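For chain V, the structure is supplied; the task is to place chain E on it using the hints.
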Amino acid sequence: MLATAYAIPDVLVFASAAILILVGAVGVIAMKNPVHSALSLIMCLLGVALAFLAQEADFLAAAEIIVYAGAIVVLFLFVIMFLGVDKSQHPHVEPLIGQRWLAGVGVLVTVAGLITLMASSHWVSGVLSASTNGTALATGSDNVTQLGDSVFTTYLLAFEATAGLLIIAVVGAVLLARRERPIDIEDVVEVIDVDVSDWDTLEDVDDVEDVQS
Amino acid sequence: MTIPAAWYLILAALLFGVGAFGVLTRRSALIMFMCIELMLNAVNLTFVTFARTMSDIGGQTTVFFVMVVAAAEVTVGLGIVVAIFRRRASTSVDELSELQG
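Chains as they are written, first to last, in my numbering: chain V, 1 to 213; chain E, 1001 to 1101.
For reference, chain V alone in the conformation it holds in the complex (with noise of 0.2 angstroms):
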């Protein structure tokens, strides 16, 4: 039924993105080890890559892949790795009563509310796609020229507004991360009397003992 009035194709593609992305997801979630969790996150934002790809927004695809896939879960990996797998947390374990029952009813309610608004909403068929104001659509590889129009114009101040949050988000990362440590200055003066010229010639371990000793 759906391949005659879909391009096969097309449901393919989609019925791809919907199996990483539900898989994935639900892989985050059912996880008990947090590095599986993460991979798992990879996989549904592989979906999303897809189903951005299918439609048209070809640039989004790239950078979800590159941002999210690439940079923030390796963040993730990366800070799992250094704090060490928590093997203190059951996910089968319920420590409020009824909090995981409650949990469902809402989200129940919620995506089964959402589903309602769509299916009785005539914006989602599309109606308006001919009265809107704002800057058309590009179909093909015009979607990064298109975007970047739109970034660089209308969106300039949102920009550099942007451009400023990331600043401030590095700098108390890092603020954050820093640990707490009152330099010693004896430690200062003795690192600075080391002398350098042994270093090329030190094989053993105990000579690098002995100098950082």
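Since the hints were made in silico from the structure, they are not lab data.
Remember, it's a predicted structure, so these values are computed and weren't measured experimentally.
Any given hint could turn out to be false.
Said to hold, decoys possible - Derived coverage of chain V by chain E (criterion: at least 3 residues anywhere in the stretch with Cβ under 8 angstroms from a Cβ of chain E; other residues may be distant): (1) 30-42; (2) 45-52; (3) 67-75; (4) 107-121; (5) 162-176.
We put the beta carbon where it would ideally sit given N, CA and C, even for glycine.
Quick look at chain E alone, frame taken from chain V:
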């Protein structure tokens, strides 16, 4: 005929639901952050779908900014998680009750 927008919107709604369920039930701060990423991606998918349906590039621009803000949020959030882990040796949010007065 292309895939209708409603399919993608329902997929995004399901993704949002899974992410919200994870935030409500999991206790590790790291997993909760990942679930927040899931919800952000669901909203991104909705934006891209509407950008296609309404033929307006503004939706894709919004997704661009959402990605930037998500990157900043993860950076600061993971910094906070690391700072808390130093003090508490745990990433469970249940043990962070010292601010309740």
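Verification of the hints:
| no. | hint | verdict |
| --- | --- | --- |
| 1 | 30-42 | holds (count 4) |
| 2 | 45-52 | holds (count 4) |
| 3 | 67-75 | holds (count 5) |
| 4 | 107-121 | holds (count 8) |
| 5 | 162-176 | holds (count 11) |
Comparing the model with each numbered hint stated earlier shows that all of them hold.
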